[in-house]
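Listed here are the chains, written in short residue letters.
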Amino acid sequence: MLAIWPRRSTQEHAEARLGLLMAAPAIATILLIAIIPLAQTIGDSLFHINLKFEDAPRPFVGLDNYVSALSDDSWFNSLRITTVVSVASVVVELVLGMLIALLINRSFRGRGIVRASVLVPWALTTVVSAKMWAWIYDGRYGVVNDVLIRLGLIDQPIIFLVRPELTIWAMIAAEIWKTTPFMALLLLAGLQLIPHELYEATALDGASRWQAFWRVTLPLLRPTILVALLFRTIDAVRMFDLPRVLTNGGPGKSTETVVLYTYNTFFTSLNFGYGSTLAVMTFLIVVLVSFVYIKVLGAPTQGARR
Amino acid sequence: MSAPARTVSARSLPRTLTSQRARVGLYEGLTFYTFVAAFVVFCLAPFAWTLLTSLKGPTTIFAVPISYLPAPLDLANYRDIFSLDRFRWALLNSTIVASSATAISLVIGSLCAYAIARLNFPFKNLLLALVLGIAMFPGIAIIGPLFREFNAWGLTNNYLALILPNVTFTLPICIWTLTAFFSDLPAELEESARVDGCTRLQAFYKITVPLAAPGVFTAAILLFIQAWNEFLFARTFMSQPTRLTATVAIAQFEGADISAQYPWGQITAASIVITLPLVILVLLFQRRIISGLTAGAVKG
Chain A
0 MLAIWPRRST QEHAEARLGL LMAAPAIATI LLIAIIPLAQ TIGDSLFHIN LKFEDAPRPF
60 VGLDNYVSAL SDDSWFNSLR ITTVVSVASV VVELVLGMLI ALLINRSFRG RGIVRASVLV
120 PWALTTVVSA KMWAWIYDGR YGVVNDVLIR LGLIDQPIIF LVRPELTIWA MIAAEIWKTT
180 PFMALLLLAG LQLIPHELYE ATALDGASRW QAFWRVTLPL LRPTILVALL FRTIDAVRMF
240 DLPRVLTNGG PGKSTETVVL YTYNTFFTSL NFGYGSTLAV MTFLIVVLVS FVYIKVLGAP
300 TQGARR
Chain B
0 MSAPARTVSA RSLPRTLTSQ RARVGLYEGL TFYTFVAAFV VFCLAPFAWT LLTSLKGPTT
60 IFAVPISYLP APLDLANYRD IFSLDRFRWA LLNSTIVASS ATAISLVIGS LCAYAIARLN
120 FPFKNLLLAL VLGIAMFPGI AIIGPLFREF NAWGLTNNYL ALILPNVTFT LPICIWTLTA
180 FFSDLPAELE ESARVDGCTR LQAFYKITVP LAAPGVFTAA ILLFIQAWNE FLFARTFMSQ
240 PTRLTATVAI AQFEGADISA QYPWGQITAA SIVITLPLVI LVLLFQRRII SGLTAGAVKG
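Those protein sequences? They're chains A and B, same order as listed.
Heads up, the first sequence is in numbering that gives the first Met the number 0, so the first residue is 0 and it goes up one at a time.
Heads up, the second sequence is in numbering that gives the first Met the number 0, so the first residue is 0 and it goes up one at a time.
Be careful, since some hints might not be right.
With beta-carbon atoms standing in for the labels, derived distance ranges [to be verified]:
id, chain 1, residue 1, chain 2, residue 2, range
1, A, Arg221, B, Leu159, 24 to 32 angstroms
2, A, Asp54, B, Trp152, 17 to 25 angstroms
3, A, Arg221, B, Asn150, 28 to 36 angstroms
4, B, Thr94, A, Trp168, 30 to 38 angstroms
5, A, Gln155, B, Ala36, 27 to 35 angstroms
Stretch by stretch, here's where chain A covers chain B in the computed footprint (C-beta under 8 angstroms, at least three residues) [said to hold, decoys possible]:
id, segment
6, 41-54
7, 158-168
Derived contacts from chain B toward chain A, CB cut-off under 7 angstroms, selection only [claimed, not checked]:
id, residue
8, Ser66
9, Leu72
10, Leu282
11, Leu283
12, Thr293
Honestly, the hints are just simulated from the structure, not real lab data.
Fair warning: this is a prediction, and the values are worked out from it, not measured in the lab.
Yeah, the Cβ is synthetic: ideal placement off N, Cα and C, and Gly gets one too.
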């Protein structure tokens with residue numbers, strides 16, 4: 000026994016060294032491409048930097064940029080739009096996804112077809128999906144208008160992407176289409192882990208299917224739901240591709256999300272100082288959302304997705 | 000209310016009731032398949048509409064009211080986009096960027112995943128938190144410094160400028176998928192290899208990696224799709240027409256003839272070409288993709 004101790008400890012030491020060595024490339028990549036640049040963005044956010052003028056001075060302004068952001072109507076507008084889009088799309092995705100998951104949680108003929116078609120919206124490039132929906136919503140040749148007219152619901156085609164009050168909902172619908180199937184898939188995987196005996200037991204206790212859903216399914220599915228909601232909400236907050244390609248934030252600024260506004264501050268106004276401030280605020284929003292999900296609601300943190 | 004009592008009562012059901020049950024079953028089946036069909040249509044219709052549009056000539060595309068079927072069938076849109084240098088470059092660039100990023104991410108990620116699955120080392124929880132953080136990281140928070148630095152290092156319009164961020168942001172899903180696969184493999188095989196004189200690292204790439212080949216393959220598909228679809232960095236770090244990736248090219252698509260009507264035929268054709276590799280991958284490997292995607296989430 001005594002003879003083994005020192006050997007085991009050198010072995011443990013070697014194991015720890017090998018572990019760190021094997022993880023080192025991943026850690027280095029993350030530090031180099033994410034953590035250090037993030038620190039630089041935070042640094043830049045304290046300066047006036049405008050790349051329009053090559054030789055312009057870049058004075059240190061402390062928290063001035065943050066103070067400006069707090070009175071920036073465009074930023075609050077983008078924050079409001081991101082909130083509306085995130086809440087609306089995530090809520091609808093969850094409800095629809097849950098209904099679909101409950102529906103297909105059994106073995107039936109044609110299951111493979113369903114599974115394959117679920118993956119199509121998920122795998123589709125967001126940029127392609129945005130172009131696709133722009134074409135579907137087209138005011139003159141769009142298929143949505145054609146269907147609505149044929150059904151007698153409207154007389155004149157609706158020009159979806161020109162009316163601010165409609166555009167944002169058209170965008171949300173496109174987002175819901177792309178992500179609901181995946182939400183359903185994730186929830187289905189969670190459902191399949193619930194042992195069937197539990198339902199039999201609740202049925203014996205005289206519970207209705209509705210009660211069984213609230214008392215068995217929902218509590219047991221809670222971790223899966225929270226992981227799905229966490230990642231979907233973060234994705235919605237980070238939304239850039241869809242508004243950039245579908246509407247470019249328009250009409251006016253009616254679909255300009257936080258990330259799109261920040262991007263335009265960087266690369267249209269070339270205002271890298273203020274852009275960095277907005278980027279840091281976006282980062283903080285993401286941190287806040289994940290904190291609420293993980294610490295307050297207790298979402299499990301070993302999740303996969305996308 | 001006990002189980003045996005129920006079985007007995009079910010068995011003693013009168014005949015009429017059973018046939019009524021069968022009819023209810025038929026109705027239920029019909030409603031069920033109606034909903035399932037509606038869901039499949041919901042998933043596929045926009046894509047199908049894009050495909051149909053891409054097969055139409057200009058007069059059929061811009062017909063009012065809409066003509067749904069591509070009659071006559073016209074492949075001109077596909078000929079047109081493949082005659083565009085920009086589009087051919089875009090396909091090549093996306094292929095280079097996405098495959099390189101996938102390969103590098105797999106190497107880096109599999110080493111890290113093995114360490115997480117099998118070894119005890121300090122700061123492991125910190126590493127897990129870091130990986131989770133990257134999965135939720137907003138790319139916009141680093142785009143400024145990366146843009147300025149890539150400019151300074153002469154990396155703009157260089158594939159590396161896209162490969163590096165893609166490697167970083169595909170790492171989480173790579174590490175999660177592979178950690179799950181490595182943990183599922185029996186450790187005894189490696190141990191016996193080590194008894195036979197292999198070092199730990201040798202045991203890893205001689206025993207574990209080949210055994211985890213299905214997992215590595217699943218991860219590769221997921222990473223490739225993610226890198227192929229990337230837009231934010233590709234739009235920012237590449238400006239030369241010959242360096243655009245497919246996502247950027249389609250977002251900025253102007254068509255072969257700029258003076259003509261908005262080229263929906265060519266855009267839809269390009270969309271189909273860009274998406275087709277992904278759709279084929281998805282159809283071929285749907286089981287693996289789903290298990291890879293959901294493994295982490297439901298086991299967590």
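Comparing the hints with the structure gives:
A C-beta distance of roughly 43 angstroms is found between A/Arg221 and B/Leu159, which places it outside the suggested range of 24 to 32 angstroms. In this structure the hint that A/Asp54 and B/Trp152 lie 17 to 25 angstroms apart at CB holds, the actual value being about 21 angstroms. A C-beta distance of roughly 47 angstroms is found between A/Arg221 and B/Asn150, which places it outside the suggested range of 28 to 36 angstroms. For B/Thr94 paired with A/Trp168, a C-beta distance near 37 angstroms keeps the hint of 30 to 38 angstroms intact.
About 31 angstroms separates the C-beta atoms of A/Gln155 and B/Ala36, a value consistent with the hinted range of 27 to 35 angstroms. Residues of the segment 41-54 of chain B with a Cβ under 8 angstroms from some Cβ of chain A number 8, which satisfies the need for three, so the listed coverage holds. For a cut-off of 8 angstroms, the count of residues in the segment 158-168 of chain B with a CB near a CB of chain A stands at 4, and the three-residue condition holds. Against a cut-off of 7 angstroms between C-beta atoms, the interface hint on B/Ser66 is violated, since the closest Cβ of chain A lies about 10 angstroms away.
At a threshold of 7 angstroms, the smallest CB-CB gap from B/Leu72 to chain A is about 19 angstroms, leaving the interface hint violated. With 7 angstroms as the threshold, the beta carbon of B/Leu282 comes within range of chain A, its nearest partner Cβ sitting at about 5 angstroms, so the hint holds. About 10 angstroms separates the beta-carbon of B/Leu283 from the nearest beta-carbon of chain A, more than 7 angstroms, and the hint is not met. Hint status for B/Thr293: holds, given a least beta-carbon distance of 4 angstroms to chain A, under 7 angstroms.
Violated hints, in rising order: 1, 3, 8, 9 and 11; the structure is consistent with all others.
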